[in-house]
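Below, each chain spelled out in residue letters.
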Amino acid sequence: MALGTDLRPPSDPIDVLQRERTLRPDLFLVLAFLGLAVVGILMVYTASAPRLTAIGEDPASLMRRHVIFVVLGMVAFLAASLIDNRSLRLMTPLVYGAAILALALVLTPLGDFRKGANRWIALGPFQLQPSEFAKVAVILALAALLASAVDSGLKWFHIARATVLVAIPAALIFSQPDLGTMLVLIFIAAIMLFVAGSTWRQLVFLGLVAVVGSVGLFQVNALRTYQLTRLVAFLDPNADLAETALYNQLQSKIAIGSGGFFGKGLFEGTQTNLSFVPEQATDFIFTAVGEQLGFVGGTLVLALYAVVVWRLLVAAANGRDRFSQLVAVGAAAFFVFHVFVNVGMTLQVMPVTGLPLPFLSNGGSAFIAMSIALGLGHSVWMRRSPVPGERKIL
Amino acid sequence: MSFGARISILGLAFVVLLTVLTLRLWSIQVVQASQFVEQAENNQLKVIETPAPRGEIRDRKGRLLAGTRPALAAVVDGALLPNSEDPTLEDLIQRLSAFATLPVEDVRHALDDARLRGDRITLVADLTEQQALRIVEYEEDFPAVSVLPQPVRIYPEGELAADVLGYIGDPNESDLERPDISPTDTVGRAGVERHYDDDLRGHAGKIFYRVDAQRDVINIVNEDPPEPGANLELALDIDVQRALEESLVQGLALARTSYGQPECDPVVDPACPVRAVGVVLDVTDGSVLGMASVPGYDPNIFVDGISQEEWDRLSELAVFNNFAIQGVYAPASTFKAIAYVTALEENIFPREQTPQTRTGTYFCDGQLAFAFTDGSQQVFNDWLPEGHSSVDINSALHTSCDLYFWEIALSIWTNRQRDDGAGVYAEDLLQQWAREFGFDDETGVDLPFETDGLIPDRDWFERAQRETPGLVRDGPWTGGDVMNAVIGQGSVLSTPLQLANAYAAMVNGGTLWQPRVVTAVVDQAGSVLMANEPTVLNEIDLSPQTVASFRRDLQQVVNGDRGTARSAFADFGLLVEEVGGKTGTAEVIKGDTAAEDVDSALFVGVAPISSPRYVVAVVIERGGSGGQIAAPTARRVLQFLLNGEAGMTPIVAGEEAD
Numbered sequence: 009m010a011l012g013t014d015l016r017p018p019s020d021p022i023d024v025l026q027r028e029r030t031l032r033p034d035l036f037l038v039l040a041f042l043g044l045a046v047v048g049i050l051m052v053y054t055a056s057a058p059r060l061t062a063i064g065e066d067p068a069s070l071m072r073r074h075v076i077f078v079v080l081g082m083v084a085f086l087a088a089s090l091i092d093n094r095s096l097r098l099m100t101p102l103v104y105g106a107a108i109l110a111l112a113l114v115l116t117p118l119g120d121f122r123k124g125a126n127r128w129i130a131l132g133p134f135q136l137q138p139s140e141f142a143k144v145a146v147i148l149a150l151a152a153l154l155a156s157a158v159d160s161g162l163k164w165f166h167i168a169r170a171t172v173l174v175a176i177p178a179a180l181i182f183s184q185p186d187l188g189t190m191l192v193l194i195f196i197a198a199i200m201l202f203v204a205g206s207t208w209r210q211l212v213f214l215g216l217v218a219v220v221g222s223v224g225l226f227q228v229n230a231l232r233t234y235q236l237t238r239l240v241a242f243l244d245p246n247a248d249l250a251e252t253a254l255y256n257q258l259q260s261k262i263a264i265g266s267g268g269f270f271g272k273g274l275f276e277g278t279q280t281n282l283s284f285v286p287e288q289a290t291d292f293i294f295t296a297v298g299e300q301l302g303f304v305g306g307t308l309v310l311a312l313y314a315v316v317v318w319r320l321l322v323a324a325a326n327g328r329d330r331f332s333q334l335v336a337v338g339a340a341a342f343f344v345f346h347v348f349v350n351v352g353m354t355l356q357v358m359p360v361t362g363l364p365l366p367f368l369s370n371g372g373s374a375f376i377a378m379s380i381a382l383g384l385g386h387s388v389w390m391r392r393s394p395v396p397g398e399r400k401i402l
Numbered sequence: 017m018s019f020g021a022r023i024s025i026l027g028l029a030f031v032v033l034l035t036v037l038t039l040r041l042w043s044i045q046v047v048q049a050s051q052f053v054e055q056a057e058n059n060q061l062k063v064i065e066t067p068a069p070r071g072e073i074r075d076r077k078g079r080l081l082a083g084t085r086p087a088l089a090a091v092v093d094g095a096l097l098p099n100s101e102d103p104t105l106e107d108l109i110q111r112l113s114a115f116a117t118l119p120v121e122d123v124r125h126a127l128d129d130a131r132l133r134g135d136r137i138t139l140v141a142d143l144t145e146q147q148a149l150r151i152v153e154y155e156e157d158f159p160a161v162s163v164l165p166q167p168v169r170i171y172p173e174g175e176l177a178a179d180v181l182g183y184i185g186d187p188n189e190s191d192l193e194r195p196d197i198s199p200t201d202t203v204g205r206a207g208v209e210r211h212y213d214d215d216l217r218g219h220a221g222k223i224f225y226r227v228d229a230q231r232d233v234i235n236i237v238n239e240d241p242p243e244p245g246a247n248l249e250l251a252l253d254i255d256v257q258r259a260l261e262e263s264l265v266q267g268l269a270l271a272r273t274s275y276g277q278p279e280c281d282p283v284v285d286p287a288c289p290v291r292a293v294g295v296v297l298d299v300t301d302g303s304v305l306g307m308a309s310v311p312g313y314d315p316n317i318f319v320d321g322i323s324q325e326e327w328d329r330l331s332e333l334a335v336f337n338n339f340a341i342q343g344v345y346a347p348a349s350t351f352k353a354i355a356y357v358t359a360l361e362e363n364i365f366p367r368e369q370t371p372q373t374r375t376g377t378y379f380c381d382g383q384l385a386f387a388f389t390d391g392s393q394q395v396f397n398d399w400l401p402e403g404h405s406s407v408d409i410n411s412a413l414h415t416s417c418d419l420y421f422w423e424i425a426l427s428i429w430t431n432r433q434r435d436d437g438a439g440v441y442a443e444d445l446l447q448q449w450a451r452e453f454g455f456d457d458e459t460g461v462d463l464p465f466e467t468d469g470l471i472p473d474r475d476w477f478e479r480a481q482r483e484t485p486g487l488v489r490d491g492p493w494t495g496g497d498v499m500n501a502v503i504g505q506g507s508v509l510s511t512p513l514q515l516a517n518a519y520a521a522m523v524n525g526g527t528l529w530q531p532r533v534v535t536a537v538v539d540q541a542g543s544v545l546m547a548n549e550p551t552v553l554n555e556i557d558l559s560p561q562t563v564a565s566f567r568r569d570l571q572q573v574v575n576g577d578r579g580t581a582r583s584a585f586a587d588f589g590l591l592v593e594e595v596g597g598k599t600g601t602a603e604v605i606k607g608d609t610a611a612e613d614v615d616s617a618l619f620v621g622v623a624p625i626s627s628p629r630y631v632v633a634v635v636i637e638r639g640g641s642g643g644q645i646a647a648p649t650a651r652r653v654l655q656f657l658l659n660g661e662a663g664m665t666p667i668v669a670g671e672e673a674d
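Just so you know, the protein sequences line up as chains L and C, in that order.
Residue 9 is where the first sequence starts when you use the working numbering, and the numbers rise one by one after that.
Residue 17 is where the second sequence starts when you use the working numbering, and the numbers rise one by one after that.
There could be a bad hint or two in this list.
Part of the chain C face toward chain L, derived, beta carbon under 8 Å [unchecked claim]: (1) R22; (2) L26; (3) V46; (4) Q51; (5) F52; (6) I234.
A few chain C residues that don't get close to chain L, going by computed Cβ distances all over 10 Å [said to hold, decoys possible]: (7) G20; (8) A56; (9) E57; (10) N59; (11) R133; (12) I223; (13) V227; (14) C280; (15) P282; (16) I322; (17) L400; (18) L426; (19) L487; (20) D608.
Source of the hints: derived by calculation from the structure; they are not laboratory data.
Ideal Cβ placement from N, Cα and C applies to all residues, glycine included.
Input sequences plus hints: build the corresponding full structure.
Printed below as a string of structure tokens:
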């Protein structure tokens, strides 16, 4: 037996047709997604029914609308799962451009001004919220940009381009105004830059830029009064302005706290039924979970998010190429930030910001955009390397 | 760092974030859960108090003196008020000010108060039907204002018996320290309204509403109906009270007429007769049948809240004070009764010679010359310069001979016990007897703010020298001080009630009763919650001879030829022989001549004297002579007590007599 001669039987030849059949869904991820969607439908219903009844409307009307978005979201998830990495990368500039255009449109008279902000574009009976989709676009654009960097590390050149890439949508979103979504973009970008191999020095520099930037925002009074109020309320609960902002968080805390270990049961939440918690079907949906399902339900929901994030990170680790990996990381960062800020807000560990809770909050654009992000991460898993029966490529 | 390592770090960081949330969830939902459960419970409840109707007050024959009538009040709920930056608040203040005809500042103040406390305040207590309708119809114009049933206190007899009944008002700081009193409550501020406030007030009901976040009511969870306050039955007799008050008003008018200036203003003129005070007691059990000080007030003025100007105006004459228990007066010659009883019980009979009997005479010649311990010669003048010729202890009381009573004081003083054990009497023998009859101490009548008067003695005198310089002269306590005390002057002070009560004990055989205004506290069903039984303060060991002699002599003051009240009772009519009494004239301001003196007029009457039932004490402050002014005033009350409504004759001045 000569040295260098591999006497082991050759591994199965890579059969392209055979490989297609190994595209298997990530059952953990899919089940967690479905679980969250079901809890969401239930919570949207219980949080909205008493209020709708009180004003004499069909108690299920909001829930039915929500179910439509859930179905659309699942279709979007499926579609995103099936897009392969190469076509996705090709589509990226187009997607990014479209998102910027939509964000710009919002600020024109075509935008729909509601609740003190220009966030929507009316589409028949529905309102499209481009900023939700912009998050996905930024993930893709950053992944495409940073994929070109190799393990040797990112160049300052990449940092600069990435900054511009994020700054354009961030500025547009900030002027809507929507501080929360802007922070999502910054968080996603920071995480992706870190994973893509930025040096500590680069990260510290970016951190300084962020600090200087936020101080600058305060200096030029770019923040709206309500944004300041919420922030002041959070930092100093005794400040006078804080009253209303604090009231919402207090009611939210009372709702969750009074749920106790097992919760009060569905439709038994007095805080929920009597409308003490504001925006309960959307931003404060977690209070409905906490009050009705208790600590058990609350941790179960958090566990489902943990599963999602875990599967996305595993997908990232096994991604077929750097672009795919970064897309999965971006999606994970996206969900973590939303969950932490939203749930943290209801538990008064974070200030009040209008970020929806993934797959639970009522809101079509957010649900569909998040479904797409999840689907893209899922697609990374399905095309991981090596797919069973395949040698590792990367 | 490899890509895998970076992913791992990221994973770790994400685990930390989710753990933070889980721990926080644990802290809120498990550790602090009970606190939030309670808050959630309170969140959805709104408690509205429904005021309890205050108990009724009725006289001894069941006639209504104070009651409640249903009424509607405009109530502002502080929790529902627009906040201070909201322009609708200013609109509301302006609108309410116009609606309630209250100054804008007052309304603003009241609303601020309500918001601070998050509580309800009554803005207008007794709405007319139109007012109530206006608020209900223009609901949007009056945010946070509602129309609620709130019973209103009424005093159907107006001023009658106001000093006994008292009045109600907002609680002051000391009231708020009592249990169950909130700043929005109404409490008794004077009279039995105050003394029996806890019984009268009842317990407010509570309605528990379930509300939503807008504080809109969803349903009623629970309803505790209010418990009405208990009713009071008074010993007071409306008819007696009315006769007393009318007589006091006429007596005061008579005093001013006699002063020569019927329209004088006592606030600016220190000699103008200022008020008339009277008490009618049942000597058999201490019941207060009538009690008044004139000028009085109508307690109804407090129901809607009294304006500061009106309060100030009425306060100038302190009309809200019950002078029958809060006013202290030198009892003057009415106090000779104490010396009289002391003399009889202790066998002190001043005599010119040394006759063997009690009736041995004493010549009361208008001037008493004697020497002080230091040897200085003194001359004391009787109220009547020409004197009363020959008197014994009985005629000394009829004529109110000062000299005779000074001699009693001198006897006590000269025979007082010394350090060497010589002497017969305790130095403060007279004071001891006075205290036996309740002077120098509160009677304990069931009314607030009673004062205790004063019987001076050496201890008091020396303490006053130490503690309140200027109140008494320098030097030692002397026999002269006792001589002043014996005729009810000097520093002797008594409330009209104390005086009446002491006489009651002297004529009823020696039982000093605790005066009582309320006989029973009864609940709505009529069962007695608290019976205020007659209470004996002191059983005084009086010999029946003393009592019989005292009654006889009081009768002679009114009926005898030399009696100081004879002229005042001249037209008493039937049963005058059943009336006894004693006059008194207390020096208030010493003038240059006797005519310029300002005196208070006193009279204590007893009827029927053969079997005493009533004592009537009358004090007319700065009113003049007792025989001239106070005796005719009391006479009219005694006429009513013995002969009824028809027996009363107009008050006319008697002869000037001490």
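Status of each hint after checking the structure:
At about 5 Å, the closest approach between the beta carbon of R22 of chain C and any beta carbon in chain L falls short of 8 Å, and the interface hint on this residue holds. At its closest, the beta carbon of L26 of chain C sits 6 Å from a beta carbon of chain L; the interface hint therefore holds under the 8 Å criterion. With a least beta-carbon distance of about 6 Å to chain L, the hint placing V46 of chain C at the interface is held under the 8 Å criterion. Taking 8 Å as the C-beta cut-off, the interface hint given for Q51 of chain C holds, the closest approach to chain L being about 7 Å.
Given hint, F52 of chain C at the interface with chain L, holds; its Cβ is 3 Å from that chain's nearest Cβ, closer than 8 Å. Among the interface hints, the one on I234 of chain C holds; its C-beta lies about 7 Å from the nearest C-beta in chain L, closer than the 8 Å criterion. Separation of G20 of chain C from chain L is inadequate, the least Cβ-Cβ distance of about 6 Å not exceeding the 10 Å criterion. With a least beta-carbon separation of about 4 Å from chain L, A56 of chain C fails to lie farther than 10 Å from that chain, contradicting its non-interface assignment.
Listed as outside the interface, E57 of chain C is inconsistent with that label: its C-beta sits roughly 8 Å from the nearest C-beta of chain L, within the 10 Å cut-off. In this structure N59 of chain C is not separated from chain L by more than 10 Å, as the shortest Cβ-Cβ distance comes to only about 6 Å. In this structure R133 of chain C is separated from chain L by more than 10 Å, as the shortest Cβ-Cβ distance comes to about 17 Å. Listed as outside the interface, I223 of chain C is consistent with that label: its C-beta sits roughly 18 Å from the nearest C-beta of chain L, beyond the 10 Å cut-off.
Residue-level check failed: V227 of chain C sits 7 Å from the nearest beta carbon of chain L, not beyond 10 Å. Consistency note on C280 of chain C: stated as away from chain L, and its beta-carbon is indeed over 10 Å from all of that chain's, at 60 Å minimum. Against chain L, the non-interface label of P282 of chain C holds: every CB pair exceeds 10 Å, the least being about 55 Å. The Cβ of I322 of chain C sits about 38 Å from the closest Cβ of chain L, beyond the 10 Å cut-off, so the non-interface label holds.
Look at L400 of chain C: its CB is around 80 Å from the nearest CB on chain L, clear of 10 Å, so calling it non-interface holds up. Listed as a non-interface residue, L426 of chain C keeps its Cβ farther than 10 Å from every Cβ of chain L; the least gap is roughly 79 Å. Every CB of chain L lies more than 10 Å from the CB of L487 of chain C, the least distance being 56 Å, so the non-interface label holds. At roughly 71 Å from the closest C-beta of chain L, the C-beta of D608 of chain C stays outside 10 Å, upholding its exclusion from the interface.
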